[in-house]
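Peer 1: Sequence:
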Amino acid sequence: MKKIDKISTSGVRQWMSAEDFEKLNDEVKDYIHLLEQYKSVADESNIVSKTNPKGIITYTNKKFSEISGYSEYELIGKNHNIIRHPDMPASAFKTLWETISNKKVWHGTVKNKKKDGGSYTVEATIIPILDRSGKIKEYIALRKDITRLVEQRKTIRKQTTDALTGYPNISKMQEDIEKAKLRNVILLNIDMFHAIVDFYSEDVSNGVIREVADRLFTIQSQIPNNFKFYKLYEDEFALVSTENIESSALGEIVQYIFSEIMKESIILFNGIEVHYSISMGVYSGKEHSFLNKSKMALKHARDSRLGYYIYDEKLINQHTKNINEVMILRNAIKQNRIVPFYQPIFDIKTGEIAKYESLARLTNIKDEIFLPGTFLESAKRSKLYPYVTSAVIAGVLNIAKDKDFDFTINLSIEDITDPRINKMIFESVEKYKSKKNNLIFEITESENIQDFDEVQSFIKKIKKLGCQIAIDDFGSGYSNFEYLVRLDIDFVKVDGSLIKNIVKDVNIQKIVKVILNFAKEMKYKTVAEFIENQEVFEAVKELGFDYCQGFYLGRPEPGI
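Taking the numbering used here, the leading residue of the sequence shown gets 584, the next gets one more, and so forth.
Possibly wrong hints are sitting among the right ones.
[Said to hold, decoys possible] Simulated crosslink set (BS3-like; lysine-lysine; CA at most 30 Å straight-line):
(1) 1087 x 1047
(2) 696 x 646
(3) 696 x 762
(4) 764 x 882
(5) 1108 x 1124
Think of the hints as simulated: they come from the structure by calculation, not from any bench.
A quick note: this is a predicted structure, and the numbers were derived from the prediction, not measured.
Required output: the full structure, derived from the provided sequences and hints.
Peer 2: If you want it as structure tokens, here you go:
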């Protein structure tokens, strides 16, 4: 009896003779024809298999063999767990069998194993097929290959996950809150993290990052308002909530986070104790520039050593002021309105002017004069400081070459250690031609000297060019006698805060006498600053200073 292959492989009936098929009425034939097409559609678009109630494979389509690597012959009669991947937990299959054994349809994602040991992932639907009595006859599984989609998701997950800590990164944060109307952002930063990186190994600094991240993640779970934790840049983290939070409640949350993270400010990593501290900047509002504003608050907290700061109108005004200051400074540099003023320095014995101190001033288009305190910090923050130093030195050298007086030029430690400024100084001095060697470089902020070798090298080179060196503000802050011993200097300028109180305070008189005696032993000339009245002038004269200066004797002027 001849079989009809088309019908026998349709799954409608496994076996049927041509004669038997012809005996069927037209309605049944049409029904079988439709089922045949349904099966074709399923086979073309799905990975299909059938098993008996015990899970033994009774049918697989071509796509099943193509993706699994097994032939139909190798699959038929085998238990379906032949393609089970070890990554799939047993609990997942327990749930699956409980569902389909109760005659319910199961949907889920399954990772399967290929014949060659590789893997593929499918979105599966398993349907129990019942006989007329309601008993399970077999199971049919329809699957879609989603391996590529899963890999893409992994790639995306990596792109939105910090590689070091495994926590969501800035891309994920921006994705999460893109549509949020309200943002509460707490930005956190490890203070002086670059020092940890420089001092310890990379393993230690990475360990610190991971430990701080874990601590912050734990704290995040303890605070209200559904804050989410993100690891941003190297040593920067964020806690973000899109809920409406009252300012007082937000303040309490920030205070709690800060106190909790600082409770244990020591991290033990491989037997090494690392101390750290945290600064926090907070922004709450609807602005799209939320990250920039929280960074402004963070910077203010760090610079002011406040621990944390919540962005407010005061900070807006300060940043507006900073921007205006930088604009004024840039214009002044372009228009050559950074100029030196000259304050006379007197020889105490003769009462005559011996030198002039060059002091930076900024003038605006209205010829108003601004003192360094109004623009030097902005110059440093905006990286314009080298231009200020350059303008002052150029102005001094231009006027000093035709004068018989000495001229002092203030240099910070930053000036000396900045390669650009250092180069400019030496090039300018080497080109300078005058009647005599009349330049004195005055080192300010000497308490900030970190690298004596670098400063000594500068002094040695500049003195070879015929210049002299003075130490400014000696006796202030952390200034100590080590500077006077280790540095080849010519003048010591005693700090003005000591001089202006020298008449009122006996202890200050004692300190100044010690400085003077030491300077004389080292054969250094001494200068007293801040001479504000006749009484102070008489006091420094009696103590034996060589030179003096101050508003009482002469104010800074634009020319000589």
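Peer 1: Confirm or reject each hint.
Peer 2: Hint by hint, here is what the structure shows:
Simply put, residue 1087 and residue 1047 have alpha-carbon atoms about 42 Å apart, too far for the 30 Å limit, and the pair is violated. Of the supplied pair hints, the one linking residue 696 and residue 646 holds, its CA atoms being roughly 15 Å apart against a limit of 30 Å. The hinted pair formed by residue 696 and residue 762 fails the criterion: a straight-line CA distance of about 40 Å is larger than 30 Å. Restraint check for residue 764 and residue 882: the C-alpha separation of about 25 Å stays at or below 30 Å, so the hint holds.
Restraint check for residue 1108 and residue 1124: satisfied, since their Cα atoms lie roughly 14 Å apart, inside the 30 Å limit.
In terms of the numbered hints stated before, the structure departs from hints 1, 3, listed from lowest to highest.
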